[in-house]
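Colleague: Take a look at the letters that make up each chain.
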Amino acid sequence: MENETNKKIPDSFPGEIYPVAGTDVVLTKLDDVINWARSNSIWPLTFATSCCGIEMMSVASAKYDFSRFGFEVARATPRQADVIIIAGTIVNKMAPVLKRLYDQMADPKYVIAMGACAISGGPFFYNTYSVVKGADHVIPVDVYIAGCPPRPEALLHALISLQHKIKSGATREQIKIDGNK
Amino acid sequence: MTNEDLKNKLTELFPSATFEEGGEFINFFIEPSQWKSCAKELKEKAGLDFDYLFCVTCVDWKTHLTMVYHLSSTIHRHSIVVKVKLNRDQPEIDTVCDIWKTAEFHEREAFDFFGVTFINHPDLRRLFLTDDWVGFPLRKDYDDPINMIKL
Amino acid sequence: MFEEIGTTEDGYMVINIGPQHPATHGVLHLVMTLNGETIVKTEPHLGYIHRSIEKMSESLTYRQFIYATSRMDYLSSHINNHGCSLCVEKGLQIEVPERAQIIRVIMDELTRIASHELWWGAMAMDLGAFTPFFHAFRERETITEIMEETCGARLTMNYICPGGVMADLHPDFQKKVKSFITLYKSKINEYNELVTGNIIFQNRMKGVGYLSKEDAISFGCTGPVGRASGVSCDIRKLYPYEVYGKLQFDEILETAGDSFARYMVRIHEMNQSIRIIEQLIDNIPDGEFLAKTKAVLKLPKGEFYQRVETARGEFGVYIVSEGGTTPYRIKYRSPGFSNLSALPTMVKGSKIGDLIAAMGTLDLVIPDLDR
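Residue numbers (the numbering used here), protein chains in the order written: chain A, 1 to 181; chain Y, 1 to 151; chain W, 1 to 371.
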């Protein structure tokens, strides 16, 4: 009897089932349910400055297909997006634009730094006068992916890591909210 | 036209020009004051017809700047390089964007990176860098201790 | 930077397209002055991805600087490497083994096909058709896999080095390329049925973004943009490098000069690239893939210029050497930069919707313009 009811909710659902006389009761925390729901529907912003953008397009296309994991549609406007994938180098002239895009996104918002340039300036670290040495100088970053450019699988891994992070309540956004309580 | 013929013709047209040996193209130097009329000749003179300006750049030689114009003809398929030496403290040269339209963007680039002023350019502003940028980054003495991390 | 938005004194509306806009394919910023929907003035603002590669290259050695150029026009990264490598080889007078030359050319053409396929998908997406994007990437993945097997990377291959190529071909290379050719031939008809023959698509492309032959030469437009206006500018034909002089292929010329002509040039160019690969794939000679070179390269004092044909047009490398281990000055002549300078003329007086069709066929790669 208990086994049958267990099959009705997915394993990933945060909560436990208690059989009470005649019916089953699901016990969970609202925070967990919200995080679970959020993590499975993260829409990325189409933000690409350079090479990594092409690998991001590969992930969106048929072979890698990130909509399998809930990164359903890439949004062109920051107001509809949940995650910004910084795909490419950020230069001094672009930095205010990136900040502005980030500010325009609705909470909760997440940031993935894709590739060496977004992590540290990458191949353009030395002897350049215009490159920001890491996007985290401009906006806070949740997940970093190494590579120049990273493989599509690496981006998928980063997206799944972000999901885990959200589910466990460990993103910067959630810690900030908890801290305010 | 072969390089030899081209050289003879150019010597005839611009007696004050000096040639530089080496390289696959003919290199010749011309005074900044003559550049505009020279450019017109190169574009319009039958037999030369340099209608395609494929590269405009500037080189900082520490003592002076050199503007380098790579020209080619889509009719005769010959190419030359014209060089103009400029004063480093006050680099000024006539624009050629009314002769080759592509020069408009390339000259803005040279202004942005080297601070070369193009006289009569319709819209001489910084192209790549922000308007409040100080200095000309591709000059050899440019230094930016904040952004530039030296190896 | 953005305060220009609003209305001009004449009552025209000023809007910004970009730097974050899906149709600009990157971070291009266009300030448009509009009279209703008609374009009065277009002003491109660049520099949102200006990484100062030219300054950087001045402190990199002749082996190192080549790989910074992979990140410029990343869709023709292999061809950029090729151009730079040829320029260094020209300076040092290195003889490249024939096997390496042929490998380079095959890889060039594969890169060109991959680039044009991506353009095809992205441009159809700009015009509102989402499906072609998936079709294009499906075939493109086959090429990136071939690249990965041999070069070790999917996008920024860094496979060419002065004197030849870094590693020998993967044993499966020929087999895989042949199966790609078969795949491509069966799919190109699908592309044409899906998009080229589509009447809605044709109506949006024909007569849009007209560029005359005189303007194309004057603006220095090269590649498919120049050839669609009837300018013969294929470097592979005019100034052949490597084995291109011995190969049979056509330079595609159109005369209409509109967006549809530029579209057709790229579609036909893919077929020509396949033709080149077919000629070479069975004739890769045995032998060395890398000539012996000194560990530290020093170019003699002088100036060297090398032009190659990338997927976007003429790419030029201008090296000024003072005899040291690093270049004194490097200038990259990027094809997109000149092609973009023609955009304000192309779209003047047309509707703002046509801007997207015109810009899509320019096939801009913004890091290529900004360098």
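Any given hint might turn out to be false.
Once the Cα atoms are required to be at most 27 Å apart in a straight line, the calculated DSSO-like pairs of lysine-lysine come out as [claimed, not checked]:
1) W:Lys-176 to Y:Lys-150
2) Y:Lys-85 to A:Lys-133
3) W:Lys-301 to Y:Lys-83
4) Y:Lys-140 to W:Lys-301
5) A:Lys-63 to W:Lys-237
6) Y:Lys-62 to Y:Lys-140
7) Y:Lys-62 to W:Lys-41
8) Y:Lys-62 to Y:Lys-9
9) Y:Lys-83 to W:Lys-90
10) W:Lys-90 to A:Lys-63
11) Y:Lys-40 to Y:Lys-7
12) Y:Lys-36 to Y:Lys-9
13) Y:Lys-45 to Y:Lys-62
14) W:Lys-348 to W:Lys-41
15) W:Lys-90 to W:Lys-237
16) Y:Lys-62 to W:Lys-298
17) A:Lys-99 to A:Lys-167
18) W:Lys-301 to Y:Lys-85
To be clear about the criterion: a stretch of chain W counts as covered by chain Y if any three or more of its residues have a C-beta under 8 Å from a C-beta of chain Y, and this derived list gives those stretches [as the list claims (entries may be wrong)]:
19) 52–62
20) 214–220
21) 229–236
22) 324–334
I should point out that these hints are in silico values taken from the structure, not numbers from a laboratory. Ideal Cβ placement from N, Cα and C applies to all residues, glycine included.
Colleague: All hints are to be evaluated individually against the structure, with a verdict given for each.
Modeller: Evaluated hints:
A C-alpha spacing of about 44 Å is found between W:Lys-176 and Y:Lys-150, which places the hinted pair above 27 Å, so the restraint is violated. The straight-line distance between the Cα atoms of Y:Lys-85 and A:Lys-133 is roughly 37 Å, outside the 27 Å bound, and the hint therefore fails. Straight-line distance between C-alpha atoms of W:Lys-301 and Y:Lys-83 comes to about 17 Å, which keeps the hinted pair within the 27 Å bound. Note on Y:Lys-140 and W:Lys-301: the hinted pairing holds, with a Cα-Cα distance of about 18 Å set against a maximum of 27 Å.
A C-alpha spacing of about 36 Å is found between A:Lys-63 and W:Lys-237, which places the hinted pair above 27 Å, so the restraint is violated. Straight-line distance between C-alpha atoms of Y:Lys-62 and Y:Lys-140 comes to about 7 Å, which keeps the hinted pair within the 27 Å bound. Annotation: proposed proximity of Y:Lys-62 to W:Lys-41 is violated, straight-line Cα distance about 39 Å (limit 27 Å). Restraint check: the Cα-Cα separation between Y:Lys-62 and Y:Lys-9 comes to about 33 Å, which exceeds 27 Å; the hinted pair is violated.
A distance of roughly 22 Å separates the Cα atoms of Y:Lys-83 and W:Lys-90; the hinted pair therefore holds under the 27 Å criterion. With a CA separation close to 41 Å, the supplied pair W:Lys-90 and A:Lys-63 exceeds the 27 Å bound. With a C-alpha separation of about 17 Å, the suggested pair Y:Lys-40 and Y:Lys-7 falls inside the 27 Å cut-off, and the hint holds. With a CA separation close to 18 Å, the supplied pair Y:Lys-36 and Y:Lys-9 stays within the 27 Å bound.
A hinted pair counts as satisfied when its Cα atoms are at most 27 Å apart, and Y:Lys-45 with Y:Lys-62 does not qualify at roughly 35 Å. The straight-line distance between the Cα atoms of W:Lys-348 and W:Lys-41 is roughly 6 Å, inside the 27 Å bound, and the hint therefore holds. Restraint check for W:Lys-90 and W:Lys-237: the C-alpha separation of about 19 Å stays at or below 27 Å, so the hint holds. Restraint check for Y:Lys-62 and W:Lys-298: satisfied, since their Cα atoms lie roughly 22 Å apart, inside the 27 Å limit.
Note on A:Lys-99 and A:Lys-167: the hinted pairing holds, with a Cα-Cα distance of about 26 Å set against a maximum of 27 Å. Only pairs whose Cα atoms come within 27 Å are accepted, and W:Lys-301 paired with Y:Lys-85 is accepted, the gap being roughly 19 Å. Under a criterion of three residues with beta carbons nearer than 8 Å to beta carbons of chain Y, the stated coverage of the region 52–62 of chain W is upheld, 4 such residues being counted. Restraint check on the region 214–220 of chain W versus chain Y: 5 residues with Cβ-Cβ distances below 8 Å, three needed, restraint holds.
A count of 3 residues in the region 229–236 of chain W with a Cβ less than 8 Å from any Cβ of chain Y is obtained; the coverage claim is therefore met, three being the minimum. Proximity of the region 324–334 of chain W to chain Y, defined as three or more residues with a beta carbon under 8 Å from a beta carbon of that chain, is established by the 4 residues found.
Hints 1, 2, 5, 7, 8, 10, 13, counting from the list given before, are not met by this structure.
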